[in-house]
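Visitor: Sequence:
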Amino acid sequence: MWKSFVLTSGILGVLMGMTGPPACAAEDEAARGDEMRPQVQPLIRGALWWIQPQVVDWSDEQLEKAIQAQRDVGFDLLWLLNAAGVLAQDGGADLLERIYSLADQKNMKVIIDLPQGGWYRKASAEDLIALVTEAVRDLHGRYGHHSSFHAWYLNYEINPIRPGDTEETAFWRHVWKSIAAECHRVAPGSLVTISPFFLLDDTSRRGFIYLTPQQYADWWGATLKETGIDVIMLQDSGEHLAFFTLEQREPYWAATARAAREAGAQFWLNVETGEADVRSWDEFLPLEAQRKVPWRFTPIEWLEQKLLLAAKYSDNIINWGYFPFMDPYRNEGGQGASGGEFGEEAEASRAAYKQYQAYYQRVMSSPVSQSPL
402 MWKSFVLTSG ILGVLMGMTG PPACAAEDEA ARGDEMRPQV QPLIRGALWW IQPQVVDWSD
462 EQLEKAIQAQ RDVGFDLLWL LNAAGVLAQD GGADLLERIY SLADQKNMKV IIDLPQGGWY
522 RKASAEDLIA LVTEAVRDLH GRYGHHSSFH AWYLNYEINP IRPGDTEETA FWRHVWKSIA
582 AECHRVAPGS LVTISPFFLL DDTSRRGFIY LTPQQYADWW GATLKETGID VIMLQDSGEH
642 LAFFTLEQRE PYWAATARAA REAGAQFWLN VETGEADVRS WDEFLPLEAQ RKVPWRFTPI
702 EWLEQKLLLA AKYSDNIINW GYFPFMDPYR NEGGQGASGG EFGEEAEASR AAYKQYQAYY
762 QRVMSSPVSQ SPL
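Residue numbering for the sequence shown follows the numbering used here, starting at 402 and increasing by one per position.
A hint or two may mislead.
What the hints assert, rightly or not - BS3-like cross-link-like pairs, simulated, lysine-lysine; straight-line CA separation at most 27 Å:
id	residue 1	residue 2
1	Lys510	Lys466
2	Lys713	Lys510
3	Lys507	Lys626
4	Lys507	Lys693
Said to hold, decoys possible - Distance ranges between label pairs, derived from CB positions:
id	residue 1	residue 2	range
5	Met765	Thr613	36 to 42 Å
6	Ile559	Ala749	28 to 34 Å
7	Ala489	Arg680	16 to 22 Å
8	Asp505	Ala749	28 to 34 Å
9	Ala759	Ile559	34 to 40 Å
10	Arg472	Arg763	16 to 22 Å
11	Ser681	Asp458	42 to 48 Å
12	Gln440	Gly542	37 to 43 Å
13	His546	Leu709	28 to 34 Å
It is worth saying that the hints were derived from the structure and are not from the lab.
Because the structure is a prediction, the values reported are computed rather than measured.
Built from N, CA and C at the ideal position, the CB exists for glycine as well.
With these hints in hand, go ahead and build the complete structure from the sequences.
Guide: And the structure:
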């Protein structure tokens, strides 16, 4: 039953961005008391891979090349999206088995997404829990024997909840606690992850709830503590607009990092490598209404700034944007590794990959200790 649930939303809802000034000196509190935390390298450990149905038909060589390209820039995580859409049926080709096997060989770990199963006010909590926990058991039964079987992804990018809305808060906490408990039961030691976003639209231009950094962090800290979610992979901003600065983002990173650790969870940052190439709200809003927002690979100099600041706060750094903005094999043979409306031409994607590869090699020439997965 769960396999028929089609994933219709995800981190592609909109991305991140900006080209701003150096990081502010404030918000050092989150870093205090973390002297024992290994200093992570300002490098991406893995990227969200929205796997399209056509990838099922890839040759072993094509699949190996796509994964090795990620390994060649230091990725040791494969973060998969759309497992339900490519699951083997009736003895057919098993793409996920091939991916897990390659990850085993390359000493990588896999984060696999679970179906959403429904949404607040569109499905009952119990129906949602039943569908998703069935998927947990099915996926572990198929792939749990792999050494790369590592983590689960709860694909719920909820909008910030209005303070005092106890009904929606209780719904999500009950759902996530039940799913996380089943993940931990069937696969002891596996990690349950979630990748939420915050919004910097402090005047609610688009109608969404605005939360201050402390309000946002308090909600997530309490949620992590109650649900048993192991890792919060915070998107580096929710609107993904190129004009937001690090000074605007850092308070959310710092407050959420502190709240996560107080709740006993890991804090990862999702440093994204695609952004909406706009200079102001006045430019962005009409383009959004017309569905003509221009997207681009995050300029490498700006990406370096984000990664350096992310390393200050995070236990690990992951990414949305490698697919489709950096995929060196994008559109090779007429087929890319991921779909969606975002992305560059194949040549631009290869150029972006090479820019990041050069940055990776430069950082690796003087590495610091890296936190274990």
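Visitor: List, from low to high, the hint numbers that the structure doesn't satisfy.
Guide: 3, 4, 7, 13
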